[in-house]
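In the order they appear, the protein sequences are chains W and S. If you're matching positions, the first sequence starts at -17 in my numbering and goes up one per residue. If you're matching positions, the second sequence starts at 7 in my numbering and goes up one per residue.
Calculated directly from the structure, the hints in this document are not laboratory data. Every residue, glycine too, gets a C-beta built ideally from N, C-alpha and C. Misleading hints may appear alongside valid ones.
Said to hold, decoys possible - Coverage of chain W stretches by chain S, computed from C-beta distances (three or more under 8 Å per stretch; other residues unrestricted): (1) -13 to -4; (2) 39 to 45; (3) 55 to 64; (4) 107 to 114.
To be verified - Chain S stretches covered by chain W per the calculated footprint, using a threshold of three residues with CB under 8 Å from any CB of chain W: (5) 45 to 54; (6) 64 to 71; (7) 144 to 154; (8) 178 to 189.
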Amino acid sequence: MTCDLFVRRLEELVIGDLRATTVTAMRRHAAGCGDCGLEWDRVQALRGVLTQVADDEPDAEAVRRARVQLRSAYDRAGHPAVRFGRFQTPVGVLFVGVTDQGVCDVTFGQPSEQRYRARLLKRSPEVWRDDAGLATVSEELQAYFGGALTRFSLSVDLRQVTPFTARVLRETRKIRFGQVTSYGALAARIGSPGASRAVGGALGRNPVPIIIPCHRVIAQGGRLGGFTGGLLTKRTLLWLEGFRLPEVAPKLF
Amino acid sequence: MADETRQSETGFDTVMVTATSRCAPADFGELIDRHQTEILSYVRRLTGNAATAEDLFQDTFLRAFVGFARLRPGSNHRAWLYRIATNLFLNHRRARGRRAEVALTSELPSRGSSPSTVHDGVVDRAALRRAIGGLPRRQRAAFIQRQLHGLSYRDVAAALGCSEAAARANVYQAVRRLRRELANWGTR
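Same shape as in the complex, but just chain W:
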C-alpha cells in the first residue's frame, strides 16, 4: 500500500466501512511509515472517543422528564392517555375509559378487551387497563345499578366532541334519575328550538352513556327514540330507574 492510498482511505477507516483485508494492509503500512503511523493513531483515538460519545446516552431521569412532558403535549393536542376498566353490569359488560380530566368513554357490548384497546389507541398514544385506578367508577356504577345512586359524581372528559354536542350533553346531564324529556324539549333548553334532529344526532355521539344519561331523552308520543347501546338497553336503564312507559314495561306473561 502507498502513502497516497493510505491517506485516501482514512475517512473510511474512521467510519468503519473498509474490508478487513484493507484494514490489515493499512495497519501494516502504518507500522512501517512514520507520518502514516501518526495518522493511524489519530484515527484510532477518534474512533475511541466516538465510541465513548455513542455510549453517552441521556440518563433515566432525563428520559422520564421528556416522557412526562410528552404526555402533557399529547394532552394539549387532544390525545390524552386513557386508562380503562371492564365492568359487569345488568346491561352486560361495560368498558369505561378515563383520562386525567374524567370519564371519556363508556362502551356497551364490546366483545373483547383487545378490540376495545385497539379502538382507544386510535385516538390516544397511551392506553392501559387500570382496574384499581378506576375504583370510583366501579363503586358508582355498582351503586347506580343497585338503585342507591341517582347522580354520578364522576367528572367527564368531552374534549373529543364538537361544542354543539358538548352543549347538548351538558344539558342532558341535568335530567334527573327516573325522569325523561323529549328531543324537542332538550333542543329548546339549549336555545335551539326546532333542532331536535341535531340534538338526536348529538346524543347518538354521546361518548359516555349512562354517566350522561342520554337514555332519559325519548321521542315525543312515548316512543323510545334511539340508543347506541341498543333499545333494549335503553328500555332496561329506564326500567331500573323506575320510569314506566306502557311499552317500557317488560312483558312478564
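Mind docking chain S on chain W? Use the hints.
Just chain S now, kept in the frame of chain W:
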C-alpha cells in the same frame, strides 16, 4: 475494530431491520417505550441543547402518533422515527436561520475535560461534540445516525430522504470535516 463494524453493516443491521418489521410494536405506547431513549439522545446530539431537544422530541412523537395509524404493516418504525425527527430538525433550523447553530452546541454536560489535542492521540469528548455541532445540518444528521446510533445506510437514506449513495457521501464528508477540525484544534 473496523472489520467488526463492517460486519455489523452487512450482518447485524440487516437482522435488525427485518427484526423491527417482524415484531412491530403492538401499539403506539410500546413504540415510545422502545425508542424514546435513542430518539431523545439523537435530538440532543443534533441540537446540542437540552431545551430545543425536548421540543424536538415532543414534536417527533406528536407527529408520529398522528402518522402511526397510516403506517403500512411491516414498516421500519425506527427509521421512520428518525425521519420525522430529522425533518423537524432541518425545518426548525431553517426557520431560525443558521446563525445560532454553533453557539448552541456545547451546552450539554460532558464529562471529558482533557485539552483538545489530537497530536498525541488524544481527542476529548467535548471537542468532538463541538466539532459535530459545527457540521452542516444534513452531514451532522447523517453522521450521528450512522456513527453514533448504528443505523444502516439504507436507514440513513430513508431518514434523510435521499439515496444510499448520498447518505454515504454525507457521512464521509462529515468525517472528513471532523478530522480537519480536530487537527486544527490540536495545533492552535
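Tested hints:
1. -13 to -4: holds (count 5)
2. 39 to 45: holds (count 4)
3. 55 to 64: holds (count 4)
4. 107 to 114: Check passed, 4 qualifying residues.
5. 45 to 54: holds (count 3)
6. 64 to 71: holds (count 4)
7. 144 to 154: holds (count 3)
8. 178 to 189: holds (count 7)
Violation of the numbered hints given earlier is absent; every hint is satisfied by the structure.
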